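Here the protein sequences line up with chains A and B, keeping their order.
Okay, so the first sequence: first residue is 1 according to this note's numbering, each after it adds one.
Okay, so the second sequence: first residue is 1 according to this note's numbering, each after it adds one.
Just to be clear, a hint being listed does not mean it is correct.
Claimed, not checked - Here are the simulated distance ranges between beta carbons:
#1 B:Ala225 / A:Asp32: 19 to 29 Å
#2 B:Asp49 / A:His280: 17 to 27 Å
#3 A:Glu123 / B:Asp237: 48 to 58 Å
#4 B:Gly279 / A:Asp32: 48 to 58 Å
#5 B:Asp276 / A:Asp194: 21 to 31 Å
#6 B:Ser181 / A:Asp79: 52 to 62 Å
#7 A:Asp221 / B:Asp54: 43 to 53 Å
#8 B:Arg24 / A:Thr150: 54 to 64 Å
FYI, nobody ran anything at the bench for these hints, they're computed from the structure.
A quick note: this is a predicted structure, and the numbers were derived from the prediction, not measured.
We put the CB at the ideal spot given by N, CA and C, even for glycine.
There are 2 protein chains.
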Amino acid sequence: MDATLDGDVVHVAGPARERFFDNRGYGSPDGDALDLAPVEAAHLLFRGDIDRVDGMDFRSFLTTTDCTLDFLVYKDLRDRGFYLSPARWRDDTGGADFVVYPRGDGPWDGEVEYQMRVVGERERIDADSLEETLAVVDEESEITYLGVDTPDVTGSSDTDLPTEVGGALLADRVVLWNPPSELYRQAFYGRPLDGRDADGPIQCSLLEGAYLAERGVVRVDANHAGIVDRGREVEGDRFDRRLAVYRALRERDVVPKTGFKFGSDFRTYADVDSADDLGHSEFLVRVVEAGHEFAPRDLALDVRLAHGVRKTMVFALVDGSEVEWLSLSRLTP
Amino acid sequence: MDATLDGDVVHVAGPARERFFDNRGYGSPDGDALDLAPVEAAHLLFRGDIDRVDGMDFRSFLTTTDCTLDFLVYKDLRDRGFYLSPARWRDDTGGADFVVYPRGDGPWDGEVEYQMRVVGERERIDADSLEETLAVVDEESEITYLGVDTPDVTGSSDTDLPTEVGGALLADRVVLWNPPSELYRQAFYGRPLDGRDADGPIQCSLLEGAYLAERGVVRVDANHAGIVDRGREVEGDRFDRRLAVYRALRERDVVPKTGFKFGSDFRTYADVDSADDLGHSEFLVRVVEAGHEFAPRDLALDVRLAHGVRKTMVFALVDGSEVEWLSLSRLTP
């Protein structure tokens, strides 16, 4: 069966509709004939269901139409038992390249399983555009699927806080020499200077110190402004972004602690009753500017690590004091 | 017991030598008296073994001498049962801040367990200077120890290769339409276009394509130079660095495949007999410029991930065609 290429649409004469659309979900019907996107035509050529498009076999068609990435993802999803449509045949796709139907369904049903966006590993992904499921094709043509979601960032870690606790700004940390013990033990601020004495002095990060100072809990000679200045000295703008996220998390009754050991900004605890009995932290949070452009490889690294330690990878997109939350996770369609 | 601060040395009169050096490994003896580095004096103040230094108690001494980071690491290692000396009391320390003796040993013995370098999480670490064990103090004063080593990058994955295999440069990959099956099956180059047909066409990354072309194995119309040009188009200088590392690994009979899923440049297999029976890859390799400056947080991320997937994190430092190898791993002293 042969077909013709017209611009970027491949036409196949009747009864192509019955054979390829009605039974197998390819293309967009045009009476008994069928319109195909190049990626669909490439797949039918690859399978031998179509012999040539304008005289081109699979190899020359792929070279001419340059739809290799799309083809790899399209084929992979078909191999996994899904029917899917290129976005052009749909009007509900946003930034997606494919609409993937639930297994067993097709374009004639109402359900959509994934809005899928195809990305090469060398492309950059704008944080603000992260919405659809990502199919990242790496340099060796392996595909990693990443699901994008809105995490529920709320907790129950709310504690009455003391006021006017004296502290000292020491290099890039804040030390509280005689804090009330609930500050660490219940509210999980800081870390005992001596691990064997949870009621003694505690060291806070600059973020903890700045937040506690703005809440009136901690008083240092340098004042709140002095802590923030120190933070900007050592981290630049990044400090303001991280403080905005720290604040947003605490306001949602979630306890953020450093994510350093996991290479992220924070790990978070939604329900802290006591620092002695913390349980598992749920999220790893990476703070980025609202307009940040992700390298897919960095996303893969973060998501893989979070998965390995049974946490959800969350990105906090900061625009001034506004914070938007996104979670990413590996997905096996 | 009181002490005096003279410049950056703390003097304690006799019998301080007997009490603090002979029995507990602090300082550098001066007859019956003892010289202490500020960090040692801070620790003795903290423990109450010294009352004041020039009238200063622990808090004011720490604030005045600004040795907080060193103090945190010094205290942590003491708490773990080690004796250690500040570098100034030794003449064999290179870039280390502390010399740590084996448990049970002290400065009077000949053995050294760790040369330890103290780093704040916000400092940058020059790749060329990575030699000593790192004690990274994060913003919440937790310490992560990272051991630095030279990995053994050699393997046995050597296969006779065919010549003059035809291929095509397609966007950012190279497709071989009719490769001899051993190229994938034994030598583990490329990836079958159709996973169910390991003897059919294979897709190679630009790195694999460029290396195979320079070895005369693959011939494409664009030639070796065309593949390298394409690589530089999509990755800039980074492509040359990665190609240098790819080549170095293959020359050591180690098979590099993409490390994308682990967020690194390569995962490596030392002993490949067959692509059907690969076993476990041993290293994750990240390629960096020789003069690269690491953020400690990025190191923590890489090392943590590698640990989680039971691989060794290796950094390949590239200077032109020269490659130096470093491995980093978490360490619990």
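Now the hints, each set against the structure:
no.	hint	result
1	B:Ala225 / A:Asp32: 19 to 29 Å	50 Å, violated
2	B:Asp49 / A:His280: 17 to 27 Å	40 Å, violated
3	A:Glu123 / B:Asp237: 48 to 58 Å	19 Å, violated
4	B:Gly279 / A:Asp32: 48 to 58 Å	54 Å, holds
5	B:Asp276 / A:Asp194: 21 to 31 Å	56 Å, violated
6	B:Ser181 / A:Asp79: 52 to 62 Å	21 Å, violated
7	A:Asp221 / B:Asp54: 43 to 53 Å	22 Å, violated
8	B:Arg24 / A:Thr150: 54 to 64 Å	56 Å, holds
When the structure is compared with the earlier hints, violations turn up for hints 1, 2, 3, 5, 6, 7 and for no others.
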